[in-house]
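Based on the hints, put chain X in the right spot on chain W.
Residue numbers (our numbering), protein chains in the order written: chain W, 1 to 481; chain X, 1 to 504.
You may find that some hints are simply not true.
Claimed, not checked - Per label pair, the in silico range of CB-to-CB distance: (1) X/E113 x W/A447: 49 to 57 Å; (2) X/N164 x W/S361: 38 to 46 Å; (3) W/Q276 x X/T242: 23 to 31 Å; (4) X/R307 x W/P227: 43 to 51 Å; (5) W/S369 x X/F465: 37 to 45 Å; (6) W/G58 x X/L289: 27 to 35 Å; (7) W/K355 x X/K457: 48 to 56 Å; (8) X/R365 x W/W410: 50 to 58 Å; (9) X/M1 x W/S369: 25 to 33 Å.
No wet-lab data here; the hints were simulated from the structure. Don't be surprised by glycine CBs; every beta carbon is placed ideally from N, CA and C.
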Amino acid sequence: MDFLADINNAAPEAILAGFGLVGLLIGAIGGDRISGLLRLLAVVALGAATAAAVIQFGRGESISAFASDPLAPDGLYKATMFTIFAKVVTYGMAAAALLMSGGALKSSQMERYEYPLLIVFASLGAGMMLSANDLMTLYVGIETLSLSSYVLAAFRRDSLKSAEAGLKYFVLGALASGLLLYGSSLVYGFTGGTGYAAIAAAPESIGLTFGLVFVICGLAFKASAAPFHIWTPDVYEGAPAPVVAFFSTAPKIAAVGLLAHILFTAFGTHAASWQQIVAIISALSMLIGAFGALMQSSIKRILAYSSISNVGFALIGVAAGVEAGAASILVYMTLYVVATLGMFGGILALRRGGKAVDQVSDLNGLVKSKPGIALGLMVLIFSVAGIPPAAGFWGKLQVFTAGIEANLLWLVLAGALASVVSLGYYLRLVWAMFMKPPGDALDKTDASVGIIVAITSLAMFPVLTIFIQLLLDAAARAAGG
Amino acid sequence: MTGPLILTLTTFLPLAGALVILALRIVGGATMAGSASKGIALLTSLGTLAVSIVALNMFLGDTSGDQYLLVDHAPWFGGSSYKLGVDGMAIALVVLTTALTPLCILQSMKSIEDRLAEYMICFLVLEALMIGVFCAMDLILFYVFFEGGLIPMFLIIGVWGGKNRLYAAFKFFLYTLLGSLLLLIAIIYMAAVAGTTDVPTLQAGLHPVTGALLFPPEVQTWLWLAFFASFAVKLPMWPVHTWLPDAHVEAPTAGSVVLAAVLLKMGGYGFLRFSLPMFPDASLLFQPLMFALSVIAIVYASLVAFRQTDIKKLVAYSSVAHMGFVTLGIFSFNETGIQGAIFQMISHGIISGALFFSVGVIYDRMHTREISFYGGLVHRMPVYAALFMLFSMANVGLPGTSGFVGEILTMVGGFQASTWAAAGAALGVIFSAVYMLTLYRRVVFGEMTNEKLMDIKDVTLLEFFILGLLAISAIGFGVFPGLVFDLTEGSTNEVLRMIGQVGQ
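For reference, chain W alone in the conformation it holds in the complex (with noise of 0.2 Å):
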């Protein structure tokens, strides 16, 4: 196959590295004077990836790319009707991310031209690692993802918490890779092949399960999936907001998408090795996440603890396996991170005196000053807590419907007792937004924070609630292809 059409076949990924490059060239030119104009850019480079993943989604099968390699027989890029789902969210919410960014960036002394091109260049390690066909372009995938956020997190230079962040992040998240190549090493040295097909079709064999268990332990780190959470709450508290508003969101449901993909794929063959590992850090996850958050007092670890929750939800698909949980996950990971967008970058997006909100009581009697955007949040709020009829109960719903069918009644159990325990701080958020008198008042927001908490929380509810069988029928027809 020709080099063009390996190209047109990874239009998505080559929109955004072609793009991710000119940039490179752009801002060294511009400086930062430009930056403004470069996220602009950015977003528009986004979006037309997210257009063209769509595109592909149409065409309702799988895309090959770069299969004639000797070294790697299965092809090194294969997106799948389920990685091309995965990928459409993740690009759309990096772009929705980073277009809310603008006055938190500005507010922060953060516009500098790096920050829309490490955006960027994550989105297409996410999409790179979803659309790997080998252990080889998932590791690059991973780590041109990983080495962006590193830097992201980081991004605030002169703000210890933020370099905090940023170091412990790159500590343990390379900690994680190494897991990950180690493990990958495993498997490849007891089936012979790096790619997916021919790890599926290697006989079974205590290496290649000891391979798999430190696969698995890699990605987990990369999805914060209990025990390997730790670093979440951390780097979420550090990290500016806006970055945490994009972590939370584009990078997540491509972390879940793909544990899901390589072990639907790759390990498809070998699931009795891993449903039960996949179950408990689903249950761990779940409720970790839930009990974790009740005594903290800071909005970003409380939402990080939340998003570790959320998290462990979408695994209950994942442990039950290909045919009942493929679609359920992407429609839980789907509903979680629209909805999450819209309540980070509601939330982050407060800014009092010029500094950024963090403490729940910061929320005070946020009814009576913006009470437009107050109700957004309890509505984005309740569809994260997964409570109807806001749109994430059916998230809730397919999970909880996949893990009955995969007969795994005791983790549906532990899913609803991690629901009620959360609801303990989403109420609590929630409270303070309704129910505080109102404190100091808050600086003026922009529009696009306004714009995104509005759409989000109007497709939560009432938009989803109603037509939520055109999303069911997407993410049926990923699942099938």
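Frame of chain W, contents of chain X only:
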């Protein structure tokens, strides 16, 4: 969408009113929206009442003989659909809801001062969800309404409640949610087995395609327990009733009224609509348990009520006791008992609503609910004393009031099923007289010793109107119980047919 759409209109009309107020609040600011919201909310709730009366009329005029009438149907997702429909029991509860809401809104106009527009929005949303619960003919749709109702009620207790509202609102939400999630898991299991969440299909108990028995008895046991977890908390039954006194005490008057009059009924409604028809074997199996819990609830809650120092708490415990009669009647599995249970639900809706309104009257004046604070009110508030007397007597179950009909029928039904249960429940009737009369004596009779009470005013015209209407209903249904029985007879017979207990 197919159907007469009258139920859809009834359900979503309050939501439309809420949206109008919301738009005004965002565009016009708090002051403007606050004063406008009074009129809009009242008009919306009266409009909803009118529409629901039209629906009742259409229901009565329908002679097709189907179990569920006025069915609106639209595809939704998977095996679930948007399906509304009512039988006699459901339409009776819908009308109870739509009739009480205007009274609540009238009362709130006077007593709520802070953030009135937001309050009215919450109340109208709550009304829509409550109506939806009674109309839903699909388990998932039912669940959405059922659990969605937690959010506005949480806000009503949390924002406009008393001093300890944080604790009460959280307890209310989390308690109910834990029960509901077990219900959700059971629903998911049923959907996975049957491939549909259509209520009539599931009530028939046979697989829609293969015709095989859906849930064998041992599976029914577990599903029944999961449904029980949810409805028992909602009803509430001893020992999961502890959220109720807290919620009642902290909620504003109208919140307490709706909580007691309508939200509690969802538990009893759930048993009759889902547990009995869908899990007949399990229902029969658990009859002794339900009888035991009912009797404990009646006796224990009555004794606890006697020891209360807070008027609202006393009425709340009395609600727990009266809900015990409902479960006793439901699980007697005979026509008398079930008719009595449905009647008791309606009657308790009127009486407990009226009692909470009555408490609200003196609370608005004195801002305390301590029994010991009051005394001798009859000297300053003769009209109030008379009305409160009537509702106290109705709560005790005096013949001639609706409370009597519900209690006697549930006990007769219970007696046919188990002598012991009926005997235990009869004790509760005595106890209820003890605590209500004690309350009445301490609050209304005696010398007026508290200086602060000296210039307390009698009921205003508005309060007289609200309490008067409820008084007429309490006596009216007591004298003409047939009004309700004719409506609910069909539902009762259907339930009995589905659990295979016809003719007992």
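Tested hints:
In this structure the hint that X/E113 and W/A447 lie 49 to 57 Å apart at CB is violated, the actual value being about 34 Å. A hinted range of 38 to 46 Å for the beta carbons of X/N164 and W/S361 is inconsistent with their spacing of about 20 Å. In this structure the supplied range 23 to 31 Å is violated for W/Q276 paired with X/T242, their Cβ-Cβ distance being about 38 Å. At roughly 49 Å, the beta-carbon separation of X/R307 and W/P227 lies within the given 43 to 51 Å, and the hint holds.
The hint said 37 to 45 Å for the Cβ distance between W/S369 and X/F465, and at roughly 38 Å that hint holds. About 56 Å separates the C-beta atoms of W/G58 and X/L289, a value inconsistent with the hinted range of 27 to 35 Å. Remark: the range hint 48 to 56 Å for W/K355 to X/K457 is upheld by a beta-carbon distance near 52 Å. The beta-carbon spacing between X/R365 and W/W410, approximately 55 Å, falls within the hinted interval of 50 to 58 Å.
Take X/M1 and W/S369: their Cβ atoms lie about 40 Å apart, and the range 25 to 33 Å is violated.
Comparing the model with each numbered hint stated earlier shows that hints 1, 2, 3, 6 and 9 do not hold.
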